[in-house]
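Peer 1: Sequence:
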Amino acid sequence: MKSLFQILAVLLAVVTLSVVGQNRELRGTLSRFADEYQALQSHYAQIGEQLKEVERRVLQLKDQREANRENGKGEERAANETAKEEAKPLSNPANTQSADSETSFSMAEFRVQALQKLVDLSPEQTEKLREKYESEARGEQAPSLDSIIGEDLAQFVKEQRKRSFEQSERESIEKEAYFLSRRLDMTRDQEDQTFVVLESVELELKQWREDQEKGLSPRERMFLFVKENRLRRQLTRERLAAILESDQIEKYAQYDAQSSAADVELWHGGGANDESSENPELP
1 MKSLFQILAV LLAVVTLSVV GQNRELRGTL SRFADEYQAL QSHYAQIGEQ LKEVERRVLQ
61 LKDQREANRE NGKGEERAAN ETAKEEAKPL SNPANTQSAD SETSFSMAEF RVQALQKLVD
121 LSPEQTEKLR EKYESEARGE QAPSLDSIIG EDLAQFVKEQ RKRSFEQSER ESIEKEAYFL
181 SRRLDMTRDQ EDQTFVVLES VELELKQWRE DQEKGLSPRE RMFLFVKENR LRRQLTRERL
241 AAILESDQIE KYAQYDAQSS AADVELWHGG GANDESSENP ELP
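Numbering (our numbering), first residue to last: 1 to 283.
Think of the hints as simulated: they come from the structure by calculation, not from any bench. Quick caveat, the model's predicted, so the values are computed rather than measured. Hints are not guaranteed to be accurate.
With a Cα cut of at most 27 Å, we get these calculated DSSO-like pairs of lysine-lysine [said to hold, decoys possible]:
| # | residue 1 | residue 2 |
| --- | --- | --- |
| 1 | Lys175 | Lys158 |
| 2 | Lys132 | Lys158 |
| 3 | Lys214 | Lys117 |
| 4 | Lys206 | Lys117 |
| 5 | Lys162 | Lys128 |
| 6 | Lys117 | Lys132 |
| 7 | Lys117 | Lys158 |
| 8 | Lys251 | Lys162 |
| 9 | Lys158 | Lys128 |
| 10 | Lys214 | Lys162 |
| 11 | Lys132 | Lys214 |
| 12 | Lys158 | Lys206 |
| 13 | Lys128 | Lys251 |
| 14 | Lys206 | Lys175 |
| 15 | Lys117 | Lys128 |
| 16 | Lys132 | Lys206 |
| 17 | Lys132 | Lys162 |
| 18 | Lys162 | Lys206 |
| 19 | Lys117 | Lys162 |
| 20 | Lys175 | Lys251 |
| 21 | Lys162 | Lys175 |
Working from the sequences, and respecting the hints, build out all of it.
Peer 2: Following this line, the structure appears as structure tokens:
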């Protein structure tokens, strides 16, 4: 009988220890859940603040857009007046030559500094490159990059530039496609097609630009840039029309009109009334 009580006592002790262990484990689990719940609450609070900030920013942009619409006509008149002033003959032709020379030098220096980030250049190579880029900016014959820094380094520079440009260009196109998708309420398929459209336009413009910019002065390159933007909008508008619905086309037309307003001053100053400027064509 005594041994039976001892067995029962042992069993009771085992059960008690098991229950205590389970309670501890349960308390630990509940504690972890409580910590995670607090972390989620904190995270949601941060998201709420971010959403409020976005809402405030959207309201600011809406107010700014309304203000821009009211001031748009005044700004266009001011841009036209500025263009007329710029179109007047210069009192001293030497001023234009001096300005072009300064621009040529600054661009040459910029290109040399960009090259120095890729390869180590000797003082002699640096000076020769500066002279090369200044000559190119004036539309003059200049030595090749290979003859100045060597064929191997020149090839390395070309590959690095191409890789960097392609990556940067692709990211830019992806961002533009995403932006248009959100703005025009596109489907995923439309967004994918928009990326293809934007990419094809950039590839064609790249070839067009390479053919057009040979031998141009810095000032002429600036006007070529304006023409390129005009042609980019034209091609994009025509090709997007094939994949967009009527209401989306209307929204895009409004967006395109707003974005083109930024080029008004440069475009008028660059000879918008010139027939060749109005109708730039791809080769």
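Peer 1: So, for every hint listed, does it hold in this structure?
Peer 2: Structure-based check of each hint:
1. Lys175 to Lys158: holds (26 Å)
2. Lys132 to Lys158: holds (16 Å)
3. Lys214 to Lys117: Since the Cα atoms of lysine 214 and lysine 117 sit roughly 26 Å apart, the hinted pair holds (cutoff 27 Å).
4. Lys206 to Lys117: Roughly 24 Å between the alpha carbons, so the hint for lysine 206 and lysine 117 holds.
5. Lys162 to Lys128: OK: lysine 162 and lysine 128 at ~23 Å, within 27 Å.
6. Lys117 to Lys132: holds (18 Å)
7. Lys117 to Lys158: holds (13 Å)
8. Lys251 to Lys162: With a Cα-Cα distance of about 35 Å, the restraint between lysine 251 and lysine 162 is violated, given a limit of 27 Å.
9. Lys158 to Lys128: holds (18 Å)
10. Lys214 to Lys162: holds (19 Å)
11. Lys132 to Lys214: holds (15 Å)
12. Lys158 to Lys206: holds (16 Å)
13. Lys128 to Lys251: violated (51 Å)
14. Lys206 to Lys175: With a Cα-Cα distance of about 19 Å, the restraint between lysine 206 and lysine 175 holds, given a limit of 27 Å.
15. Lys117 to Lys128: Roughly 17 Å separates the two Cα atoms, so the pair holds.
16. Lys132 to Lys206: holds (23 Å)
17. Lys132 to Lys162: holds (20 Å)
18. Lys162 to Lys206: holds (13 Å)
19. Lys117 to Lys162: Between lysine 117 and lysine 162 the Cα gap is close to 15 Å, so the pair holds against 27 Å.
20. Lys175 to Lys251: Measuring from Cα to Cα gives roughly 18 Å; hence the hint holds.
21. Lys162 to Lys175: holds (20 Å)
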